[in-house]
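Enquirer: Sequence:
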Amino acid sequence: VVSVTRITGGSTWNVIPGEVTLEGTIRTFESAIREEVKRKFHSIVNNIAAAFSQEAVIDWFPGPPALHNHPAITEMARSSALGQSLDVIDPEPSMGGEDFAYYLQHIPGTFAFFGTNGNEDWHHPAFTVDEKAIMKAAYFLSESAKDLLCKHGEW
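Residue 307 is where the sequence shown starts when you use the numbering used here, and the numbers rise one by one after that.
Source of the hints: derived by calculation from the structure; they are not laboratory data.
Careful: at least some of the hints might be erroneous.
[Unchecked claim] For each label pair, taking beta carbons as the anchor points, the in silico distance ranges come out as:
#1 S349 - L447: 42 to 50 Å
#2 I413 - G324: 42 to 50 Å
#3 S349 - T422: 37 to 45 Å
#4 G315 - A451: 45 to 53 Å
#5 F420 - S317: 45 to 53 Å
#6 A439 - W366: 35 to 43 Å
#7 P431 - Q411: 28 to 36 Å
[To be verified] Lysine-lysine pairs mimicking DSSO-like chemistry, simulated, CA-CA at most 30 Å apart:
#8 K457 - K438
#9 K438 - K452
#10 K452 - K442
#11 K442 - K457
Built from N, CA and C at the ideal position, the CB exists for glycine as well.
With the hints as constraints, model all of the structure from the sequences given.
Expert: Below, the structure written as structure tokens:
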């Protein structure tokens, strides 16, 4: 996914600006594809600038890598949730950026969404959390950790 989420430049409608800034995100599921997109992005931007006898300056901040859950730990967390009579829904793959992905590059783990409000997404200004769900989430996490340590001590 390539998202241009901010474009700034110029000071009025009838003057060509001397500088324009574009900002956004590029997200992929695989790091090799991410590197290929980065290479092509640089090529396209630099060639467009060169076509107008200009120079492009690209500041690349890659953000977190794609998040990949460890299958065995994910299954253990699923079993723990079902044992707590929680509803388990397999989410579709998400292009959301998540810092937890950095941890999963070094240790096996799983990332789970815990429903706390069905009204608005978490980036929406009207998002609120049903605080009763926080207790359920804390219980789920503590029980999952106990299950992991008791049943799979080698992890």
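Enquirer: Would you mind marking each hint as holding or not holding in the structure?
Expert: Consistency of the hints with the structure:
1. S349 - L447: 42 to 50 Å: holds, 45 Å
2. I413 - G324: 42 to 50 Å: Holds: the Cβ-Cβ distance is about 48 Å, inside 42 to 50 Å.
3. S349 - T422: 37 to 45 Å: holds, 43 Å
4. G315 - A451: 45 to 53 Å: Since G315 and A451 have Cβ atoms about 50 Å apart, the given range 45 to 53 Å holds.
5. F420 - S317: 45 to 53 Å: holds, 46 Å
6. A439 - W366: 35 to 43 Å: At 38 Å between Cβs, range holds.
7. P431 - Q411: 28 to 36 Å: holds, 33 Å
8. K457 - K438: holds, 29 Å
9. K438 - K452: This hinted pair holds, its Cα atoms lying about 22 Å apart.
10. K452 - K442: It holds: about 15 Å lies between the C-alpha atoms, which stays within 30 Å.
11. K442 - K457: holds, 22 Å
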